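Chemist: Each chain is listed here by its residues.
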Amino acid sequence: MPDDLVARAQAGDQTAFRELYRQHAGRVYALCLRLTGDSRDAEERTQDVFVRLWDKLRSFRGESAFSSWLHRLAVNVVLNERRTTGRRERRIMPAEDPAALERHHRGGGGGGGGGGDNPTEGLSIDLERAIAELPDGAREVFVLYDIEGYPHVEIAQLVGIAEGTSKAQLFRARRLLREKLER
Amino acid sequence: MNERELHDAVSSLPKSIEPPRDLWPEIEARIGARSSSWRQRWYWVPLAAAAVLVFVLLARGERSAWDVTALAGRPRIGTTRLAASGRLRVGDWLQTDDSSRALIAVGRIGQVEVRPDTRVQLVVATTTEHRLALARGTIDAKVDAVPRLFFVETPAGTAIDLGCAYTLETDSLGKGLLHVTAGEVEFQTSSRSSRVPLGALMQIRPATGPGIPYVEGAPAPFVRALIAFDFERRGTRARAIRTILALARPQDALSLWHLLQRVEPPMRGAVYDRLAALVPPPPGVMRRGAVALESRALEGYWTKIQRIHFRMVVLRGVRQIDPRTGLAR
Numbered sequence: 001m002p003d004d005l006v007a008r009a010q011a012g013d014q015t016a017f018r019e020l021y022r023q024h025a026g027r028v029y030a031l032c033l034r035l036t037g038d039s040r041d042a043e044e045r046t047q048d049v050f051v052r053l054w055d056k057l058r059s060f061r062g063e064s065a066f067s068s069w070l071h072r073l074a075v076n077v078v079l080n081e082r083r084t085t086g087r088r089e090r091r092i093m094p095a096e097d098p099a100a101l102e103r104h105h106r107g108g109g110g111g112g113g114g115g116g117d118n119p120t121e122g123l124s125i126d127l128e129r130a131i132a133e134l135p136d137g138a139r140e141v142f143v144l145y146d147i148e149g150y151p152h153v154e155i156a157q158l159v160g161i162a163e164g165t166s167k168a169q170l171f172r173a174r175r176l177l178r179e180k181l182e183r
Numbered sequence: 184m185n186e187r188e189l190h191d192a193v194s195s196l197p198k199s200i201e202p203p204r205d206l207w208p209e210i211e212a213r214i215g216a217r218s219s220s221w222r223q224r225w226y227w228v229p230l231a232a233a234a235v236l237v238f239v240l241l242a243r244g245e246r247s248a249w250d251v252t253a254l255a256g257r258p259r260i261g262t263t264r265l266a267a268s269g270r271l272r273v274g275d276w277l278q279t280d281d282s283s284r285a286l287i288a289v290g291r292i293g294q295v296e297v298r299p300d301t302r303v304q305l306v307v308a309t310t311t312e313h314r315l316a317l318a319r320g321t322i323d324a325k326v327d328a329v330p331r332l333f334f335v336e337t338p339a340g341t342a343i344d345l346g347c348a349y350t351l352e353t354d355s356l357g358k359g360l361l362h363v364t365a366g367e368v369e370f371q372t373s374s375r376s377s378r379v380p381l382g383a384l385m386q387i388r389p390a391t392g393p394g395i396p397y398v399e400g401a402p403a404p405f406v407r408a409l410i411a412f413d414f415e416r417r418g419t420r421a422r423a424i425r426t427i428l429a430l431a432r433p434q435d436a437l438s439l440w441h442l443l444q445r446v447e448p449p450m451r452g453a454v455y456d457r458l459a460a461l462v463p464p465p466p467g468v469m470r471r472g473a474v475a476l477e478s479r480a481l482e483g484y485w486t487k488i489q490r491i492h493f494r495m496v497v498l499r500g501v502r503q504i505d506p507r508t509g510l511a512r
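For the protein sequence lines, the chains are A and B, in the order given. For the first sequence, the residue numbers in this note's numbering are 1 to 183. For the second sequence, the residue numbers in this note's numbering are 184 to 512.
Quick caveat, the hints were computed from the structure, so don't treat them as lab data. Keep in mind that this is a model prediction, so the values were computed, not measured. Careful: at least some of the hints might be erroneous.
[Stated by the list, open to error] These stretches of chain B come out as covered by chain A in the derived footprint (C-beta under 8 Å, 3 or more residues): (1) 187-193; (2) 325-332; (3) 356-369.
Where a beta carbon is used, it is the ideal one built from N, C-alpha and C, also for glycine.
Generate the whole structure from the sequences, applying the supplied hints.
Modeler: Shown next, in the form of structure tokens:
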């Protein structure tokens, strides 16, 4: 039972915590990858999220689903890291490694991304690449709004921008994506 | 590619992507290093405790006060008029008149805008509990923290933040309205509680406390029937229930979920059946368990209702969502 797993991890059981990692690593990594736009950064942030989770797990009281709570924690870790370091020079999926995205999509990991027979796979790979190439601000808002389902008012708080800026960034991101995907 | 094709492509993206390598060994090393380094250096514990104690004593005065900024006019803290900014200490009252507004920084977790003609007191200001008392007036709260860190007491009950943004108004007797714009708020008294997700409102009354929440834009006759059920004399309740069940739409499932727990036991079956007809229960939720108000059944149902509701609110104007399933049409 997941609840039991969380409770055991809260009590300091590292085996249970490892199982939590196994269950949620894919979801957290996907979020980090899309928000950071860099696969190496995404690995580091995923580690940061789970280290932070270990520290904060006792404050989870079950008022929301654990996965939602962890998701929010992951968003905060990634955005805080960006705010504090401003490190944005690297980009997702270096051009010399185009197979990386394909591996992600073929490798599966839930959510319907796997499977070489999927006719939308090529488009998904192009879309992932196009998202990664978006300007930082536009990418973050697009990922949080269109992929993760956060409302603008929450995105504004999380990213530290005005709600109107969030809407403008989303509009910009969608326009840029449509242009990129039409090429 | 048009907007719709882009949305379809986005919705087909995988929610989960496995990392290219196993990250666990490094995570394990990092959390292990923390634990073991503290175990090896146990003799630091008393010193660290002493340092923390000194820090707490020094910082106590500052932590038990929150920053306040005047947004308009000259709000008062106690008897002192605020020029531009000031500090609200535990026990202090902040009061605005009909032309003044103020912004309170809620520790490090959020902010509260105090609208005109409002009176609010800082009750607790610690890192684990942030508590205001709203005697009358209106506040807009925005909190970015784990659930149950921020509380607002009103004459009719307490609003508990579950990670959200909301507007709360009350008169001095406790008649008021809660409107949640992000996340979720729980409003409770010692005998009753309601959960209000984003895009929903809830009436509050003295003595009774929280009413049944309803979605923004719910038809007026439906809302009137909810108010009659919650707050008017008992003789009108049967008619109110019939009206609620007759007018309920799939998007009103969150209201029926609350109603199920408030009607007399003989009526629960009828409420459940209407709810199940509008939004089918998720796997594992059985009629018998829900009618018996078993927490597992209720929680399971609520999770589904909440998920559908969330998608409908955040995707409003972007995608057409089926209110029975939460899926894009």
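Chemist: Give a verdict on every hint.
Modeler: Structure-based check of all given hints:
{"no.": "1", "hint": "187-193", "verdict": "holds (count 4)"}
{"no.": "2", "hint": "325-332", "verdict": "holds (count 5)"}
{"no.": "3", "hint": "356-369", "verdict": "holds (count 5)"}
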